[in-house]
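Residue strings, one per chain:
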Amino acid sequence: AQSVAQPEDQVNVAEGNPLTVKCTYSVSGNPYLFWYVQYPNRGLQFLLKYITGDNLVKGSYGFEAEFNKSQTSFHLKKPSALVSDSALYFCAVRPGASKIIFGSGTRLSIRP
Amino acid sequence: SQTIHQWPATLVQPVGSPLSLECTVEGTSNPNLYWYRQAAGRGLQLLFYSVGIGQISSEVPQNLSASRPQDRQFILSSKKLLLSDSGFYLCAWSTSGGAGNVETQYFGPGTRLLVL
Chain A
2 AQSVAQPEDQ VNVAEGNPLT VKCTYSVSGN PYLFWYVQYP NRGLQFLLKY ITGDNLVKGS
62 YGFEAEFNKS QTSFHLKKPS ALVSDSALYF CAVRPGASKI IFGSGTRLSI RP
Chain F
4 SQTIHQWPAT LVQPVGSPLS LECTVEGTSN PNLYWYRQAA GRGLQLLFYS VGIGQISSEV
64 PQNLSASRPQ DRQFILSSKK LLLSDSGFYL CAWSTSGGAG NVETQYFGPG TRLLVL
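Top to bottom, those sequences are chains A and F.
First residue of the first sequence: 2, per the working numbering; consecutive thereafter.
First residue of the second sequence: 4, per the working numbering; consecutive thereafter.
Since the hints were made in silico from the structure, they are not lab data.
Don't take each hint at face value.
[What the hints assert, rightly or not] Here are the computed lysine to aspartate or glutamate pairs in the EDC-like style, where the Cα-Cα straight-line distance is at most 16 Å:
1) A:LYS50 - A:GLU67
2) A:LYS78 - A:GLU67
3) A:LYS70 - A:ASP10
4) A:LYS50 - F:GLU106
5) A:LYS23 - A:GLU67
6) A:LYS23 - A:GLU9
7) A:LYS23 - A:ASP10
8) A:LYS100 - F:GLU62
9) A:LYS100 - F:GLU106
Work out the full structure, taking the sequences as your base and the hints as a guide.
Here it is in structure tokens:
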């Protein structure tokens, strides 16, 4: 079955430190991968996506994600966290022509 | 540029009452449209999607229904709300598919529904 997993419900990072939010997937064929962010009581905002090409994808707000085919992962990263990065983050995968599948979300908390 | 609107932003309804949530998209034509429900600020559940006027696909059987009376309008309805219908309802759009096109979904601001 096609699926996407975010193994951490919550990630806590000190401001200024690097952050990583993990995502792994299981699909047949070549996946299209996405990251979204959701602030409280708001809709999801698109951050970045991987289609093909360079495994390191850069997105909005200084975020980037690395596609690793052998580990079937697409972890979200940022070199230096800001308090304003605190939000709920969703990984999503679109297996080929199928509908997009969202992960369960990871709550990122950045402490000052 | 494209924008997506949802209203109302917040709604409190009694059990058994009807529901109508509206979503409209501006700045694009023939979008794919989606309704999601998010419970308890967590995962998203796809409820309905539409690839064109009058074309609705249901993902989860329930007492909700969707309609697309116009190209850029998507409506979520219920004849009788249940307590379990409470949640955060999100509408999204994407460009219609084509060769090599990878559809990114763009979300509206959401409607918070509380059924009492």
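A quick look at each hint next to the structure:
1. A:LYS50 - A:GLU67: Roughly 10 Å between the alpha carbons, so the hint for A:LYS50 and A:GLU67 holds.
2. A:LYS78 - A:GLU67: 8 Å, holds
3. A:LYS70 - A:ASP10: 23 Å, violated
4. A:LYS50 - F:GLU106: 10 Å, holds
5. A:LYS23 - A:GLU67: Judged against 16 Å, a Cα distance of about 10 Å means the pair holds.
6. A:LYS23 - A:GLU9: 7 Å, holds
7. A:LYS23 - A:ASP10: Between A:LYS23 and A:ASP10 the Cα gap is close to 10 Å, so the pair holds against 16 Å.
8. A:LYS100 - F:GLU62: Since the Cα atoms of A:LYS100 and F:GLU62 sit roughly 11 Å apart, the hinted pair holds (cutoff 16 Å).
9. A:LYS100 - F:GLU106: 10 Å, holds
Against the hints set out earlier in the document, a violation occurs for number 3 only.
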